[in-house]
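Peer 1: Sequence:
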Amino acid sequence: QNQHNPCQPCIIKTNMIPKSIIIIGTLVAIASLIVAFMKRQPISGKFSSASDNGDDSAYDGDKKYVTCGSAIKLTHKETGYLLNSQSDANWSGRGSGQQVVTLTPVLSSHDSLWLVREAHHGRMDKDICAPSTPVKCSTNIRLTHLSTNKNLHSHKVESQMRGGREVSAFSPRGDGEGDIKDNWIIECERGAKYWERDRPVRLLHSHTLDHLSSDVKNTFNERNCGRNCPIQNHIEVTGVDRDGKSELWLATLGVHFSAS
57 QNQHNPCQPC
67 IIKTNMIPKS
77 IIIIGTLVAI
87 ASLIVAFMKR
97 QPISGKFSSA
107 SDNGDDSAYD
117 GDKKYVTCGS
127 AIKLTHKETG
137 YLLNSQSDAN
147 WSGRGSGQQV
157 VTLTPVLSSH
167 DSLWLVREAH
177 HGRMDKDICA
187 PSTPVKCSTN
197 IRLTHLSTNK
207 NLHSHKVESQ
217 MRGGREVSAF
227 SPRGDGEGDI
237 KDNWIIECER
247 GAKYWERDRP
257 VRLLHSHTLD
267 HLSSDVKNTF
277 NERNCGRNCP
287 IQNHIEVTGV
297 DRDGKSELWL
307 ATLGVHFSAS
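If you want the working numbering, it's the 1-based position in the sequence shown plus 56.
What the hints contain is simulated information worked out from the structure, not anything from laboratory work.
Note that this is a predicted model, so its numbers are computed, not measured.
Among the clues, some could well be false.
What follows is a set of in silico ranges between Cβ atoms, one per label pair, in the way DEER data are often shown [to be verified]:
#1 279 / 231: 33 to 43 Å
#2 153 / 254: 16 to 26 Å
#3 248 / 279: 21 to 31 Å
#4 116 / 144: 13 to 23 Å
#5 119 / 164: 18 to 28 Å
#6 248 / 284: 23 to 33 Å
#7 300 / 164: 25 to 35 Å
#8 162 / 254: 32 to 42 Å
The list that follows gives simulated cross-link-like pairs (lysine to any residue, SDA-like), each with its CA atoms no further than 20 Å apart [to be verified]:
#9 133 / 309
#10 133 / 237
#11 301 / 165
#12 133 / 256
#13 237 / 289
#14 129 / 277
#15 129 / 314
#16 237 / 282
#17 119 / 227
#18 129 / 161
#19 129 / 308
#20 119 / 243
#21 129 / 165
#22 212 / 193
#23 119 / 296
#24 133 / 314
Even for Gly, the Cβ is constructed at its ideal location relative to N, Cα and C.
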(Lines of atoms letter the chains of each structure in order from A and count residues from 1; the text may use other names and numbers.)
(Lines give C-alpha, C1' and ligand atoms only; values in the text may rest on other atoms or scores of the structure.)
Protein backbone atom coordinates (compact mmCIF):
# COMPACT_ATOMS: atom_id res chain seq x y z
CA GLN A 1 0.00 0.00 0.00
CA ASN A 2 1.39 3.41 -1.01
CA GLN A 3 2.21 5.83 1.78
CA HIS A 4 0.62 9.27 1.46
CA ASN A 5 3.04 11.67 -0.16
CA PRO A 6 2.47 14.96 1.67
CA CYS A 7 3.94 17.21 -0.96
CA GLN A 8 2.11 15.76 -3.93
CA PRO A 9 -0.17 18.53 -2.64
CA CYS A 10 2.32 21.16 -3.76
CA ILE A 11 1.22 22.71 -7.05
CA ILE A 12 4.47 23.95 -8.56
CA LYS A 13 4.39 27.05 -10.74
CA THR A 14 7.44 27.52 -12.93
CA ASN A 15 8.60 30.57 -14.86
CA MET A 16 11.68 31.71 -16.75
CA ILE A 17 12.21 35.04 -14.99
CA PRO A 18 15.81 35.40 -13.71
CA LYS A 19 16.11 35.14 -9.92
CA SER A 20 17.84 38.53 -9.66
CA ILE A 21 14.85 40.26 -11.26
CA ILE A 22 12.47 38.46 -8.92
CA ILE A 23 14.46 39.59 -5.86
CA ILE A 24 14.63 43.23 -7.04
CA GLY A 25 10.92 43.21 -7.82
CA THR A 26 10.14 41.75 -4.42
CA LEU A 27 12.18 44.41 -2.59
CA VAL A 28 10.38 47.16 -4.51
CA ALA A 29 7.05 45.57 -3.65
CA ILE A 30 7.98 45.35 0.04
CA ALA A 31 8.90 49.04 0.16
CA SER A 32 5.68 49.98 -1.64
CA LEU A 33 3.53 47.95 0.77
CA ILE A 34 5.12 49.52 3.85
CA VAL A 35 4.69 53.03 2.40
CA ALA A 36 1.07 52.30 1.51
CA PHE A 37 0.42 50.97 5.00
CA MET A 38 1.90 54.08 6.61
CA LYS A 39 -0.12 56.43 4.37
CA ARG A 40 -3.44 54.84 5.27
CA GLN A 41 -2.78 54.88 9.04
CA PRO A 42 -2.81 58.00 11.25
CA ILE A 43 0.40 58.71 13.12
CA SER A 44 -1.37 59.74 16.30
CA GLY A 45 -4.75 59.28 17.96
CA LYS A 46 -6.50 56.51 19.88
CA PHE A 47 -5.00 53.12 19.12
CA SER A 48 -6.94 49.91 19.76
CA SER A 49 -6.89 46.19 18.93
CA ALA A 50 -3.14 45.77 18.57
CA SER A 51 -2.10 48.69 20.70
CA ASP A 52 -4.48 49.82 23.42
CA ASN A 53 -6.76 48.34 26.07
CA GLY A 54 -7.22 51.36 28.28
CA ASP A 55 -3.74 51.44 29.78
CA ASP A 56 -2.10 54.79 29.06
CA SER A 57 1.19 54.00 30.81
CA ALA A 58 4.38 55.04 29.05
CA TYR A 59 6.49 52.55 27.15
CA ASP A 60 9.79 51.37 28.62
CA GLY A 61 12.44 53.07 26.49
CA ASP A 62 14.99 50.36 27.32
CA LYS A 63 12.94 47.62 25.70
CA LYS A 64 12.63 46.80 22.01
CA TYR A 65 9.02 46.24 21.05
CA VAL A 66 7.35 44.72 18.04
CA THR A 67 5.41 47.61 16.50
CA CYS A 68 2.61 48.07 14.01
CA GLY A 69 3.90 48.58 10.47
CA SER A 70 7.10 46.64 11.07
CA ALA A 71 8.18 43.92 8.64
CA ILE A 72 9.29 41.09 10.92
CA LYS A 73 10.87 37.68 10.53
CA LEU A 74 9.32 35.19 12.95
CA THR A 75 11.91 32.74 14.25
CA HIS A 76 10.75 29.39 15.60
CA LYS A 77 12.62 29.25 18.90
CA GLU A 78 13.09 25.46 19.01
CA THR A 79 14.56 25.06 15.50
CA GLY A 80 15.91 28.53 14.65
CA TYR A 81 14.08 28.36 11.30
CA LEU A 82 11.99 31.24 9.90
CA LEU A 83 8.27 31.36 9.12
CA ASN A 84 8.11 31.39 5.33
CA SER A 85 5.74 31.40 2.38
CA GLN A 86 6.25 31.48 -1.37
CA SER A 87 4.18 31.92 -4.51
CA ASP A 88 5.34 28.73 -6.26
CA ALA A 89 3.62 26.23 -3.93
CA ASN A 90 0.03 25.69 -2.84
CA TRP A 91 -1.57 22.99 -0.70
CA SER A 92 -3.64 20.71 -2.95
CA GLY A 93 -4.63 17.06 -2.64
CA ARG A 94 -6.42 16.90 0.69
CA GLY A 95 -5.37 20.48 1.42
CA SER A 96 -7.16 23.77 0.86
CA GLY A 97 -5.39 24.86 -2.33
CA GLN A 98 -4.11 27.94 -0.53
CA GLN A 99 -0.50 29.14 -0.52
CA VAL A 100 1.95 27.03 1.48
CA VAL A 101 3.43 28.26 4.79
CA THR A 102 6.47 26.43 6.17
CA LEU A 103 9.68 26.98 8.15
CA THR A 104 12.81 27.66 6.10
CA PRO A 105 16.45 27.28 7.21
CA VAL A 106 17.47 30.17 4.89
CA LEU A 107 17.76 33.18 7.20
CA SER A 108 18.35 35.62 4.33
CA SER A 109 15.17 34.70 2.45
CA HIS A 110 13.03 37.66 1.37
CA ASP A 111 10.04 35.29 1.56
CA SER A 112 10.17 35.39 5.38
CA LEU A 113 9.06 39.00 5.93
CA TRP A 114 5.61 39.58 7.47
CA LEU A 115 3.93 42.96 7.94
CA VAL A 116 2.35 43.56 11.37
CA ARG A 117 -1.20 44.91 10.83
CA GLU A 118 -4.55 45.47 12.53
CA ALA A 119 -6.87 42.48 12.91
CA HIS A 120 -9.61 41.70 10.39
CA HIS A 121 -13.05 42.63 11.72
CA GLY A 122 -15.37 41.68 8.87
CA ARG A 123 -17.84 44.46 8.16
CA MET A 124 -16.98 46.40 11.30
CA ASP A 125 -14.63 49.37 11.21
CA LYS A 126 -11.06 48.24 11.69
CA ASP A 127 -9.26 49.18 14.86
CA ILE A 128 -6.24 51.33 14.24
CA CYS A 129 -2.76 49.83 14.29
CA ALA A 130 -0.69 52.94 13.68
CA PRO A 131 2.94 52.60 12.55
CA SER A 132 5.49 52.52 15.41
CA THR A 133 2.82 51.67 18.02
CA PRO A 134 3.88 48.71 20.23
CA VAL A 135 1.65 45.65 19.98
CA LYS A 136 -0.10 44.89 23.26
CA CYS A 137 -0.13 41.36 24.60
CA SER A 138 -3.41 39.40 24.33
CA THR A 139 -4.61 41.36 21.30
CA ASN A 140 -5.50 40.33 17.75
CA ILE A 141 -3.26 41.14 14.80
CA ARG A 142 -2.75 40.08 11.19
CA LEU A 143 0.56 39.13 9.63
CA THR A 144 0.69 39.87 5.90
CA HIS A 145 3.31 38.11 3.77
CA LEU A 146 5.14 40.92 2.01
CA SER A 147 6.24 38.99 -1.07
CA THR A 148 2.72 37.89 -2.01
CA ASN A 149 0.40 40.20 0.00
CA LYS A 150 -1.41 37.25 1.62
CA ASN A 151 -2.20 36.81 5.30
CA LEU A 152 -1.06 34.13 7.73
CA HIS A 153 -4.19 31.98 7.95
CA SER A 154 -5.55 28.80 9.46
CA HIS A 155 -8.80 26.85 9.42
CA LYS A 156 -10.23 23.45 10.23
CA VAL A 157 -8.46 21.71 7.35
CA GLU A 158 -6.15 18.84 8.32
CA SER A 159 -2.44 19.49 7.84
CA GLN A 160 -0.36 17.36 5.47
CA MET A 161 1.89 15.39 7.83
CA ARG A 162 1.35 16.16 11.46
CA GLY A 163 -2.39 15.79 11.93
CA GLY A 164 -2.94 19.33 13.22
CA ARG A 165 -4.65 22.20 11.39
CA GLU A 166 -3.33 23.45 8.08
CA VAL A 167 -1.59 26.84 8.10
CA SER A 168 -1.56 28.80 4.85
CA ALA A 169 -1.26 32.27 3.34
CA PHE A 170 -4.62 33.65 2.20
CA SER A 171 -6.08 36.62 0.35
CA PRO A 172 -8.54 35.84 -2.47
CA ARG A 173 -7.67 38.96 -4.46
CA GLY A 174 -4.03 39.18 -3.38
CA ASP A 175 -4.63 42.62 -1.85
CA GLY A 176 -3.89 41.76 1.77
CA GLU A 177 -7.57 41.40 2.64
CA GLY A 178 -9.00 38.05 3.71
CA ASP A 179 -11.32 37.09 6.56
CA ILE A 180 -11.50 36.59 10.34
CA LYS A 181 -9.42 33.43 10.04
CA ASP A 182 -6.41 35.69 9.43
CA ASN A 183 -6.46 36.86 13.06
CA TRP A 184 -3.89 35.75 15.65
CA ILE A 185 -3.74 36.58 19.35
CA ILE A 186 -0.29 37.44 20.76
CA GLU A 187 0.34 35.51 23.99
CA CYS A 188 3.29 36.97 25.88
CA GLU A 189 5.30 35.69 28.82
CA ARG A 190 3.83 36.36 32.24
CA GLY A 191 4.30 39.96 33.33
CA ALA A 192 4.84 41.41 29.85
CA LYS A 193 2.52 44.21 28.65
CA TYR A 194 3.80 44.50 25.10
CA TRP A 195 5.22 42.12 22.51
CA GLU A 196 9.01 42.38 22.91
CA ARG A 197 11.41 41.35 20.14
CA ASP A 198 13.76 39.33 22.34
CA ARG A 199 11.11 37.53 24.41
CA PRO A 200 9.25 34.46 23.07
CA VAL A 201 5.53 34.59 22.40
CA ARG A 202 2.87 32.15 21.26
CA LEU A 203 0.44 32.92 18.45
CA LEU A 204 -3.09 31.68 19.17
CA HIS A 205 -5.44 31.44 16.20
CA SER A 206 -8.60 33.31 17.14
CA HIS A 207 -10.91 30.99 15.17
CA THR A 208 -9.57 27.46 15.77
CA LEU A 209 -7.96 28.33 19.15
CA ASP A 210 -4.88 26.37 18.07
CA HIS A 211 -1.31 27.60 18.53
CA LEU A 212 1.10 28.16 15.66
CA SER A 213 3.57 25.28 15.87
CA SER A 214 6.27 23.27 14.12
CA ASP A 215 8.27 20.10 14.72
CA VAL A 216 11.57 19.21 13.02
CA LYS A 217 10.34 15.60 12.68
CA ASN A 218 7.97 16.87 9.99
CA THR A 219 10.56 17.98 7.45
CA PHE A 220 9.83 17.88 3.73
CA ASN A 221 12.40 15.92 1.72
CA GLU A 222 12.76 14.15 -1.61
CA ARG A 223 11.22 10.97 -0.23
CA ASN A 224 8.02 12.50 1.08
CA CYS A 225 7.80 15.55 -1.16
CA GLY A 226 9.28 14.66 -4.55
CA ARG A 227 12.46 15.55 -6.42
CA ASN A 228 11.22 18.92 -7.71
CA CYS A 229 9.40 19.90 -4.52
CA PRO A 230 9.82 23.68 -3.91
CA ILE A 231 9.79 23.24 -0.12
CA GLN A 232 12.47 20.56 0.29
CA ASN A 233 14.29 20.89 3.65
CA HIS A 234 11.48 23.08 4.97
CA ILE A 235 9.51 22.05 8.08
CA GLU A 236 5.74 21.83 8.22
CA VAL A 237 3.90 24.55 10.16
CA THR A 238 0.56 23.64 11.75
CA GLY A 239 -1.99 24.72 14.30
CA VAL A 240 -2.05 22.49 17.40
CA ASP A 241 -4.09 22.29 20.58
CA ARG A 242 -1.22 22.77 23.04
CA ASP A 243 1.20 25.42 24.27
CA GLY A 244 4.62 23.84 24.75
CA LYS A 245 8.16 24.64 23.59
CA SER A 246 7.33 23.90 19.93
CA GLU A 247 4.86 26.79 19.96
CA LEU A 248 7.33 29.56 20.93
CA TRP A 249 8.35 32.30 18.46
CA LEU A 250 10.75 35.28 18.43
CA ALA A 251 10.63 38.48 16.36
CA THR A 252 14.21 39.69 16.70
CA LEU A 253 14.85 39.92 12.93
CA GLY A 254 13.26 42.20 10.35
CA VAL A 255 12.68 45.89 9.64
CA HIS A 256 11.36 47.38 12.87
CA PHE A 257 9.81 50.78 13.54
CA SER A 258 10.98 52.14 16.90
CA ALA A 259 8.23 52.75 19.43
CA SER A 260 7.00 56.33 19.38
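Peer 1: Which numbered hints does this structure break?
Peer 2: 2, 3, 4, 6, 8, 10, 11, 13, 14, 16, 17, 22, 23, 24
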